[in-house]
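Those protein sequences? They're chains A and B, same order as listed. Each residue of the first sequence is one higher than the one before, starting from 1 at the first, in my numbering. Each residue of the second sequence is one higher than the one before, starting from 1 at the first, in my numbering.
Derived from the structure by calculation, the hints contain no laboratory data. Check the hints yourself; a few may be wrong.
[Unchecked claim] Quick list of in silico lysine-lysine cross-link-like pairs, DSSO-like style, CA-CA up to 27 Å:
| hint | chain 1 | residue 1 | chain 2 | residue 2 |
| --- | --- | --- | --- | --- |
| 1 | B | LYS74 | A | LYS114 |
| 2 | A | LYS48 | A | LYS114 |
| 3 | B | LYS74 | B | LYS161 |
| 4 | B | LYS127 | A | LYS114 |
| 5 | A | LYS123 | A | LYS149 |
| 6 | B | LYS127 | A | LYS138 |
[Unchecked claim] Here are some chain B residues the structure puts well away from chain A; computed CB gaps all over 12 Å:
| hint | residue |
| --- | --- |
| 7 | HIS21 |
| 8 | ASP31 |
| 9 | LEU35 |
| 10 | THR37 |
| 11 | PHE42 |
| 12 | LEU47 |
| 13 | PRO73 |
| 14 | ALA81 |
| 15 | ASP103 |
| 16 | GLY110 |
| 17 | ILE123 |
| 18 | LEU145 |
| 19 | LEU146 |
This structure is a prediction, so every number in the text was calculated from the model and none was measured. By construction, the Cβ of each residue, glycine as well, lies at the ideal position given by its N, Cα and C atoms.
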Amino acid sequence: MQLSRVIKPVKLLLIALKTGRVSREKYPLGPPLITDSFRGAISIDPVKCRGCGACVLICPPNALTLRFEGEKAILEYFKGRCIFCGMCADVCPVQAITVTREFELAAVEVEDLKEEIVHVMSKCIMCGRPFETITQLKYVKELKLITEKYMNMCPECRSKRVAKLFAMKPGEIFEIK
Amino acid sequence: MKYLRLSEKLRRIKRSPWVFHLNSGSCNACDIEVLDTLTPYFDAERLGVKLVVSPRHADIILFTGPITRESLPKVIRALKATPRPRILVAIGSCAVGGGVWWDTYSTLGGFPKLQEVLKQCRIKIDKIVYVPGCPARPEAIIYGLLLALGYIEQKVSKITKFTSQS
């Protein structure tokens with residue numbers, strides 16, 4: 001009885017010494033178990049992004065939102081609500097959004113999970129109201145679909161101009177201020 | 001008794017953290033990941049994390065789900081029963097920001113909105129860690145648990161990027 005009490009722990013110790021530490025290479029101490037196909041948080045390239053809002057329309061949980069504050073258009077990405085589907089990366093016309101493999105996103109405050117991209121809006125030459133991002137207008141200019149004067153007008157002023165043109169008498173000249 | 005800050009209180013705890021798994025109407029994906037974290041493959045138990053069956057025994061609450069109306073009174077009762085300091089780990093995009101149910105009528109839509117209800121009930125939660133993911137990976141849950149206990153530092157922070165025009 002007394003002898004087995006001594007022998008048992010010694011036996012266990014020998015087994016433990018043979019095996020060593022089993023869980024040495026697992027996650028917090030070693031690399032994580034993620035594959036190449038894993039989808040993590042997205043990263044938005046501010047140089048490529050035009051602020052067109054295609055990703056905002058496709059996003060299922062509304063994690064990407066576009067809001068307007070005066071002359072600024074702010075594209076906000078809230079990681080806390082994102083479901084990591086990668087639809088925004090597929091739909092982006094300029095490939096500004098890429099899916100990374102980042103998953104260590106734990107945060108103490110909700111505000112830490114937010115990411116903002118600030119765009120500057122261009123003003124309408126008729127009424128002075130900001131209506132479209134500058135980068136988006138640059139892209140339209142490259143396509144050469146419409147003239148520059150017409151491009152810098154907001155949609156409301158454009159329709160007003162057309163209505164005025166229709167109401168003109170023969171021989172009258174229309175001028176943009 | 002001298003007033004202690006939470007980090008000092010946590011340092012005084014010499015034993016393993018015990019967790020209670022609180023489901024508030026989630027789709028079970030996050031719950032399976034919590035199960036994965038605690039079972040031998042990812043093995044959070046080697047860090048001392050142990051699952052208990054009552055919130056009265058728990059140090060940390062693993063919170064999943066977008067808080068449905070039906071589960072709200074039960075969630076409040078469970079949170080009231082946990083002893084201070086209450087530490088809560090909100091797991092999954094539903095618990096953090098509402099997920100795909102961010103504006104439905106039958107859910108509150110994430111833990112930040114539940115906190116307003118808890119303020120009215122005078123239930124204080126000392127530390128909250130948000131772990132996004134749909135579902136959150138077992139590694140992400142382990143990372144969140146370590147962040148809650150103060151072993152590692154936070155990686156993410158609020159980023160504001162400007163386009164070339166601004």
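Here is how each hint holds up against the structure:
1. In summary, the hint linking B/LYS74 to A/LYS114 is not supported, as the alpha carbons are separated by about 30 Å, beyond the 27 Å threshold.
2. Taking the CA atoms of A/LYS48 and A/LYS114, the gap is near 20 Å; set against the 27 Å cutoff, the hint holds.
3. Among the hinted pairs, B/LYS74 with B/LYS161 is inconsistent with the structure: their alpha-carbon atoms are about 42 Å apart, more than 27 Å.
4. Taken as a hint, the B/LYS127 and A/LYS114 pair is honoured in the structure, with Cα atoms around 19 Å apart against an allowance of 27 Å.
5. Taken as a hint, the A/LYS123 and A/LYS149 pair is honoured in the structure, with Cα atoms around 12 Å apart against an allowance of 27 Å.
6. With a CA separation close to 47 Å, the supplied pair B/LYS127 and A/LYS138 exceeds the 27 Å bound.
7. Distance check for B/HIS21 against chain A: the nearest CB is about 17 Å away, which clears 12 Å, and the non-interface claim stands.
8. At roughly 17 Å, the least C-beta separation between B/ASP31 and chain A is larger than 12 Å, which holds for a residue marked as non-interface.
9. Distance check for B/LEU35 against chain A: the nearest CB is about 16 Å away, which clears 12 Å, and the non-interface claim stands.
10. Not every CB of chain A is more than 12 Å from the CB of B/THR37 (nearest about 10 Å), against its label as outside the interface.
11. In this structure B/PHE42 is not separated from chain A by more than 12 Å, as the shortest Cβ-Cβ distance comes to only about 7 Å.
12. The Cβ of B/LEU47 does not lie farther than 12 Å from every Cβ of chain A; its closest approach is about 7 Å, which violates its non-interface assignment.
13. Against chain A, the non-interface label of B/PRO73 holds: every CB pair exceeds 12 Å, the least being about 24 Å.
14. With a minimum CB-CB distance of about 24 Å to chain A, B/ALA81 clears the 12 Å threshold, and the non-interface call stands.
15. A beta-carbon of chain A is positioned within 12 Å of the beta-carbon of B/ASP103; the least distance is around 8 Å.
16. Its closest Cβ contact with chain A, about 7 Å, brings B/GLY110 to no more than 12 Å, contrary to its assignment away from the interface.
17. At roughly 19 Å, the least C-beta separation between B/ILE123 and chain A is larger than 12 Å, which holds for a residue marked as non-interface.
18. Consistency note on B/LEU145: stated as away from chain A, yet its beta-carbon is not over 12 Å from all of that chain's, at 9 Å minimum.
19. In this structure B/LEU146 is not separated from chain A by more than 12 Å, as the shortest Cβ-Cβ distance comes to only about 6 Å.
Consistency with the previously given hints fails for numbers 1, 3, 6, 10, 11, 12, 15, 16, 18 and 19, ordered from lowest to highest.
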